[in-house]
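**Q** Please build the complex by placing chain U with the ligands on the supplied structure of chain V, with the hints as guidance.
Residue numbers (the working numbering), protein chains in the order written: chain V, 2 to 185; chain U, 2 to 185.
Note that these hints are calculated values from the structure, not bench results.
There is no bait here: all hints are sound.
Same chains, same label: a pair holds when it works inside one copy or across any pair of copies.
Straight-line Cα separation of at most 25 Å, DSS-like style, residue types lysine-lysine; simulated pairs: (1) Lys136 to Lys78; (2) Lys41 to Lys78; (3) Lys78 to Lys40; (4) Lys41 to Lys66; (5) Lys109 to Lys40; (6) Lys151 to Lys90; (7) Lys78 to Lys166; (8) Lys40 to Lys87; (9) Lys78 to Lys109; (10) Lys166 to Lys136.
Number of protein chains: 2
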Amino acid sequence: IHNPYIKNHTYSNRGMSLEEELNETNEYYSAADIACIHKKPTPLQIVKVDYPQRSAAVVREAYFKQPSTTDYNGVYKGRYIDFEAKETKNKTSFPLQNLHLHQIEHMKQILQHGGIAFVIIKFTFHNEIYFLDAKHMIEYWERQTNGGRKSVTKQEIETKGYLIKCGYRPRVDYLHVLDTLYFS
Amino acid sequence: IHNPYIKNHTYSNRGMSLEEELNETNEYYSAADIACIHKKPTPLQIVKVDYPQRSAAVVREAYFKQPSTTDYNGVYKGRYIDFEAKETKNKTSFPLQNLHLHQIEHMKQILQHGGIAFVIIKFTFHNEIYFLDAKHMIEYWERQTNGGRKSVTKQEIETKGYLIKCGYRPRVDYLHVLDTLYFS
Ligand SMILES: [Mg+2]
Ligand SMILES: [Mg+2]
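Same shape as in the complex, but just chain V:
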């Protein structure tokens, strides 16, 4: 069942970030009553807020916090869904420095509690988007911890992961991969 999808350059839509593509995908899933999955807001440490009279409160000083969890979560066919999305310009591998230890620990916890966790990786040069189950990403992370390579090769991702079919609606049909892996 590996890589059953044909890459569709027609809908590649250069210039749209992976996050925008996924948000559009999730809006489609929601509108079509397929799933309810959302991006979490960016975590900010708010330091100073002004409360001007007769108008809305304004945040005047805030800092980006390192995320302790992942980008997206929600529910699909009764199951808890949780994933991190990452783009890389790298042509041959995915550098593990794109992830944080907290995120790996979070994915481990999700698996432990019976949720479905994965990473969506876009190789922007190739314009290919892959689905990689969290259990594999955790293995690669631990390989690094044990002195192994600091990245996952594209070939490894092609072998253990799945190329996600991209199209018009949904734009990045990652739930189709889940159907194959978890719901069939």
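**A** Relative to the frame of chain V, chain U with the ligands by itself:
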């Protein structure tokens, strides 16, 4: 099985907000490997960011956005968990203006996809925290839409909901209610 819990004033901890109590509860659930449930970051519309040399990016202008979903979500025993937490100083009812239409629609979606959705309501005057399943809150919302009362009486919440046992660890044991309702 209604209200099986004895209110415990010892741990009432006046001065701690419901959000703080729930964050502490969720940290306990996580550390004890019981569940993985987190508060979503506050959604902000970021307008202006400064990038000072040699130091972290600073958000200089941002506005609080009306949340389109709920406060908390995560996974417990394989199920998707989603809830909104609200405090009221009102002694006899919970005003529905504390919720937004978007949040009600979100809860409907969660139920539709097989998730577990609910509201946690704290009556600060009484120092009581209730669990109310989303299906009931949706009914009360629709009653209002159909010209009915603009609040849910405390008595209705006592009848349809469950008083949550408060203690030391976990502080607000809402998963105990879920065990009774969904896992027994
Ligand atoms: Mg990301
Ligand atoms: Mg709230």
